[in-house]
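Q: Sequence:
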Amino acid sequence: MARDLEKAIFTPSSSWPQGTNNDALKDLARAAFNAYHNRVREDEIRGAEARWWRTESVPDQGDRISLEFCDVTAQHKTWRVEEVWAPETVECASSEAFERVAQRFRVQADRKYRHPFVPSTGFDALLKSGRTSFDSLASRPIADILADLSDVGVVPYVRNDEANTGQASPWEEFEAWERTLPTWCSTPKHWIEPIPPPGFVESQAPHPLHEQYYEQYYKKVPTLHIPGNGRCIIPSAKKPDIISRALYFPVEEHHYPGTVKAVLDRRADLVPYGAHLVPGKVTLDAARALLGRVIQSSTEPRSDPDEPPAGKRRKVNKYAAQRLGFAWGLETDLEGEPVWLHCLEYGTLAQYVLSLRSVRKEKYGDSRDPLAVLAVPCAWVGAAVLPADLKALKDAAGNNAQEANVSVGSPEAGDRMSYSDWSDKTMAWIRKLNAEGFDPVVEVGPDGMFVGGDLGTSKGDDDEFEAEVNGAKPGIWLMSVEPAEGEEADEDRLMGEDPRVIRFNWASDGTVDYDGLPLRGSIQAHSADTDAPWEVVGSFSVDSSYVCLFSKHALDSLLSTGKDEDREAMLEAFFDDGGEGNVFVPSGIVVSTNDGGYVIEGRRDLEGKIIELRLRV
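Under UniProt numbering, read the sequence shown as residues 1 to 617, first letter to last.
Because the hints were derived from the structure by calculation, they are not lab data. Careful: at least some of the hints might be erroneous.
Derived DSSO-like pairs: lysine-lysine, alpha-carbon spacing no greater than 27 Å straight-line [as the list claims (entries may be wrong)]:
1) Lys239 <-> Lys112
2) Lys363 <-> Lys77
3) Lys220 <-> Lys189
4) Lys239 <-> Lys363
5) Lys391 <-> Lys432
6) Lys363 <-> Lys238
7) Lys238 <-> Lys361
8) Lys77 <-> Lys238
9) Lys112 <-> Lys220
10) Lys432 <-> Lys563
11) Lys473 <-> Lys609
12) Lys281 <-> Lys363
13) Lys261 <-> Lys394
14) Lys394 <-> Lys425
15) Lys425 <-> Lys391
16) Lys189 <-> Lys219
17) Lys281 <-> Lys238
18) Lys77 <-> Lys239
19) Lys189 <-> Lys238
20) Lys361 <-> Lys281
21) Lys425 <-> Lys563
22) Lys563 <-> Lys394
23) Lys281 <-> Lys239
24) Lys394 <-> Lys219
25) Lys432 <-> Lys394
26) Lys239 <-> Lys219
27) Lys220 <-> Lys394
28) Lys239 <-> Lys189
Just the calculated beta-carbon pair ranges, DEER-fashion [to be verified]:
29) Gly608 <-> Pro301: 51 to 57 Å
30) Arg360 <-> Ser133: 38 to 44 Å
31) Ser527 <-> Lys363: 55 to 61 Å
32) Gly516 <-> Glu487: 40 to 46 Å
33) Asp241 <-> Arg51: 31 to 37 Å
34) Gly510 <-> Gly460: 32 to 38 Å
35) Asp515 <-> Glu607: 31 to 37 Å
Backbone N, C-alpha and C define an ideal beta-carbon position, used for all residues, glycine too.
Please construct the entire structure, taking both the sequences and the accompanying hints into account.
A: Take a look at the structure:
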């Protein structure tokens, strides 16, 4: 039933019967699916509450006695156990089954030492007859258990945290801001109030950004709504010593299913270079300011983008090196200096820690512990600046002008961006152009020109591109890089090569806005008449292994937003993308290939304008 309803919700309108009210039917299917899903979810919650938190009162029948449950876990594990629970006294009757008493103990202890969403459920009792799981003892009466105890009235137990890893929790079905906690689990008064991000709006009324779908804003969520591994984020936590009361979740509004967590690109440079905090140099105030925020860190140092590279920089895989998370706790040493930043991974909400005292790789606890927290190497960390923050900062500065579009004329020299700002903006556009959800497009200006050649030998201040293509039709062009076909390509592949074809096709009149790229498939490229011949319209040679083909208008407009002295660094940024392998840039295409000679071929429309280009590499 659920699958049929979900299928109905996402079936394209063209597949519905002709004449039906598609929107009404979809709304009906969506309402039915939501009702079914909510009922199943409520049943799962009631079941979990019964298993984890419900206890039965001590019966009147039988002698009333007290059992003391003592934690001896540290003596029976192969790893170092630092967490020792205090003895728990549990009232019971000699006539009742052990499972009822064990449940009282579990609930009593878990309320102190575990998060209500992730309780500890696996325990073994150490009896004279041997080590036995609580579940195996479930039906035995307490009178029988008493006779099997080495010490009168004392139940030694081993806590099996490894049995809890991966157990499903019905609260995972709820977004963090939708969850509720039992009354006995509340935020302690000594947890600190975090400093909100610039884009946070403290209001119970609908946020003004709600009026536009897919625009990011923040929700303030109690930290306790995130259970982590179940052991650390609890009201009785002693470590870390500084804990944020809340986390600021970046969210967006979608037509369906509603409010969702915003998708962030970990490869993007979301922390301005000047805001990078380097371990060993982080003050307590700077570390506390990270709490509650989305933070970004990297295992690799980032060079100053305002300084053009002195030589060829080592490529960095930013997806592997960079990490996004929420900073929820701060651990300090005896002198009050920051030592460990406790975080939750942005996607999975899994726990990890960053060392704030050294860039060297450090250990945090015993990795064999099933609830161990991963220590991630850190070269720098900082608070992420997200779209809502940028908007708020711009509004606060009184600057409501739209960001300059690369398709407009050159700005005045005094208005040009620093290399750092230019790099941040351009790299964001490059990632967007290469993302699966957008069409890679470029704008050809009134000059109708493309330029191309060896990027490595064309990036200097006095260098020129070897190839010039004139007579291209102005407007929006669609770009692509495809596997080459034919016998020659097959022979190249047998030799271990990767032959490809770069293509540019005219699509329509208009301009390109890289902040608002067309969605994938929304641009329809035009081709010349099949009888139109391919002609060689340019040629060049390559010595540096990097081939480029650009719209001259788009390239000039892009470079004009930066400073003249940064031309070489700006062009180098096109291929020094941190190992991400991007080929589309906001003016054309850059690919790595073999050295040698290359020709650019073009085809024209009936008016003699070039509307197709291809380049085999």
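Q: Next step is simple, just say for each hint if it's right about the structure.
A: Here's how the hints hold up against the structure:
1. Lys239 <-> Lys112: Distance ~14 Å between Lys239 and Lys112 Cα, so the pair holds.
2. Lys363 <-> Lys77: It holds: about 20 Å lies between the C-alpha atoms, which stays within 27 Å.
3. Lys220 <-> Lys189: 17 Å, holds
4. Lys239 <-> Lys363: 16 Å, holds
5. Lys391 <-> Lys432: Cα-Cα ~19 Å, so holds.
6. Lys363 <-> Lys238: 20 Å, holds
7. Lys238 <-> Lys361: This hinted pair holds, its Cα atoms lying about 25 Å apart.
8. Lys77 <-> Lys238: 23 Å, holds
9. Lys112 <-> Lys220: 26 Å, holds
10. Lys432 <-> Lys563: Since the Cα atoms of Lys432 and Lys563 sit roughly 23 Å apart, the hinted pair holds (cutoff 27 Å).
11. Lys473 <-> Lys609: Status holds; Cα separation ~5 Å.
12. Lys281 <-> Lys363: Holds - the C-alpha atoms of Lys363 and Lys281 are around 20 Å apart, at most 27 Å.
13. Lys261 <-> Lys394: 23 Å, holds
14. Lys394 <-> Lys425: 15 Å, holds
15. Lys425 <-> Lys391: Judged against 27 Å, a Cα distance of about 15 Å means the pair holds.
16. Lys189 <-> Lys219: Status holds; Cα separation ~21 Å.
17. Lys281 <-> Lys238: 25 Å, holds
18. Lys77 <-> Lys239: Roughly 22 Å between the alpha carbons, so the hint for Lys77 and Lys239 holds.
19. Lys189 <-> Lys238: 14 Å, holds
20. Lys361 <-> Lys281: Status holds; Cα separation ~16 Å.
21. Lys425 <-> Lys563: 14 Å, holds
22. Lys563 <-> Lys394: Holds. Lys563 to Lys394 sits at ~22 Å (cutoff 27 Å).
23. Lys281 <-> Lys239: Given that 27 Å is the threshold and the Cα spacing comes to 22 Å, the pair holds.
24. Lys394 <-> Lys219: The given pair, whose Cα atoms are some 21 Å apart, holds under the 27 Å limit.
25. Lys432 <-> Lys394: 22 Å, holds
26. Lys239 <-> Lys219: The hint holds at about 26 Å.
27. Lys220 <-> Lys394: Within the cut-off at roughly 22 Å; holds.
28. Lys239 <-> Lys189: 16 Å, holds
29. Gly608 <-> Pro301: 51 to 57 Å: Between Gly608 and Pro301, where Cβ atoms are some 53 Å apart, the hint holds.
30. Arg360 <-> Ser133: 38 to 44 Å: 42 Å, holds
31. Ser527 <-> Lys363: 55 to 61 Å: Check passed, 60 Å falls within 55 to 61 Å.
32. Gly516 <-> Glu487: 40 to 46 Å: 43 Å, holds
33. Asp241 <-> Arg51: 31 to 37 Å: Holds - the Cβ-Cβ distance for Asp241 and Arg51, about 33 Å, lies within 31 to 37 Å.
34. Gly510 <-> Gly460: 32 to 38 Å: 33 Å, holds
35. Asp515 <-> Glu607: 31 to 37 Å: 32 Å, holds
Checked against the numbered hints listed earlier, the structure breaks none of them; every hint is satisfied.
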